[in-house]
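Here's the letter readout for the chains.
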Amino acid sequence: MQKTLEVMGQVCPFPLVEAKSAIETIQSGDELIIQFDCTQATESLPRWAAEAGHKVTNFEQLGDAAWSITIQKK
Amino acid sequence: MIQMLITGLICGALLGFVMQRGRFCLTGGFRDMFIAKDNRMFYALLIAICVQSVGVFTLIQLGIIDFTAGNFAWLGVIFGSFVFGIGIVLAGGCATGTWYRAGEGLLGSWIALFAYMLMAAVMKTGVLAPVNTEISSITLPENSIAATFGVSNWIFIVALLLITGGLVYRELRKPKIAIPSLKPKRTGLNHLLFEKRWHPFVTAILVGLIALLAWPLSAATGRMSGLGITTPSANILQYLVIGDAAFINWGVFLVLGIFLGSFIAAKGSKEFRFRMPDKKTGINSFIGGLLMGFGASLAGGCSIGNGLVMTSMMTWQGWIGLLFIILGTWTAAYFVYVRPQKRRASQSTPSQQAI
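Read top to bottom, the protein sequences are chains X and F.
Everything in the first sequence is counted per the numbering used here, starting at 1 for the first residue and increasing by one.
Everything in the second sequence is counted per the numbering used here, starting at 75 for the first residue and increasing by one.
Hints listed in this document are in silico derivations from the structure and should not be mistaken for laboratory results.
This structure is a prediction, so every number in the text was calculated from the model and none was measured.
By construction, the Cβ of each residue, glycine as well, lies at the ideal position given by its N, Cα and C atoms.
Interface residues of chain F toward chain X, partial, derived using beta-carbon atoms under 7 Å: (1) Gly-166; (2) Ile-251; (3) Lys-344; (4) Glu-345.
Sequences and hints are given; from them, build the entire structure.
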């Protein structure tokens with residue numbers, strides 16, 4: 001199962017705040033795809049995922065100031 | 075004039091570039107101390123303060139620059155810094171942060187920046203100037219911490235170095251976890267400058283060196299101080315509407331340089347795009363900008379002017395100002411992030427139990 005969280009246009013730290021609450025709504029092993037354009041979240045999202053023990057299965061830049069990260073819940 | 079323009083722009087551009095690439099965000103750093111119990115950015119700030127402090131006091135010792143701490147306008151510093159701390163959370167970045175995010179194309183930061191310049195000008199030469207003067211006239215005679223205790227500045231500098239060293243050592247000894255990063259697409263210098271993730275402590279050393287460099291460069295044009303953001307930001311607006319060239323100084327080119335440097339960094343790393351905020355973010359940015367302009371003018375400095383520069387000069391204004399900026403950030407963070415989340419959590423629990 002995958003769930004997409006679209007936080008384009010939201011500024012730091014809201015992408016992270018949203019991601020933290022979205023991951024609560026999915027099952028272990030499911031994936032959360034986060035699409036964001038906040039530069040600082042390129043640092044805060046993977047860092048949070050790693051510290052919380054989730055697995056980052058994809059992390060890519062979509063275009064100018066636009067990124068997508070996929071986090072698999074532990 | 076030409077010298078002012080060139081050295082100011084270069085110093086600002088270096089700072090903007092380093093801050094953009096290093097993601098050097100003090101607002102986020104202060105906020106995360108509270109909401110994530112993460113002190114890394116605060117330690118990074120301490121590193122930058124140490125670097126600048128050792129450098130500037132060495133320059134003073136050598137007679138290259140001149141510094142007098144003056145008196146301590148404690149009421150303005152405490153109240154202004156607290157208001158400034160609230161403002162930077164609403165605006166999504168401190169004064170410098172707002173300048174560099176504006177360079178990344180965030181239109182919300184343009185709004186915040188305009189409100190900030192406006193309010194700073196209102197406080198310095200506008201209708202609120204008497205209020206500002208009145209509050210700032212409540213002072214204590216001694217601003218220098220060392221002078222208060224009748225000892226050398228170096229005692230406090232050494233103490234700060236030891237404390238910072240200890241904190242950094244402890245932080246670096248924590249077990250490392252691998253943080254996933256984007257696949258590198260570039261090599262060599264291009265990768266290093268426009269792609270690689272910079273360690274906050276490395277960024278902090280660079281910020282400290284640039285802050286140090288600002289002193290002699292600024293002094294050479296007759297402006298005897300270090301990095302400053304609020305007064306120059308107000309000066310731009312004052313110059314534009316009054317047309318008096320007396321408002322133009324080294325600091326004006328410094329802040330314009332931050333914008334330029336951040337733009338170059340963002341453009342070069344494909345992180346520049348004009349981004350329009352939603353209504354709520356736009357309004358918050360405007361209110362935040364006004365509070366920042368009000369607070370920083372009253373306190374005689376922002377998170378850079380007081381938090382980075384006056385701290386390294388070992389003044390009460392710097393350290394008390396920094397403390398109250400942080401307290402303001404925490405207060406605002408509670409109302410903006412913590413309370414809404416608690417509410418959401420308490421609302422969602424009963425419905426989940428029903429299932």
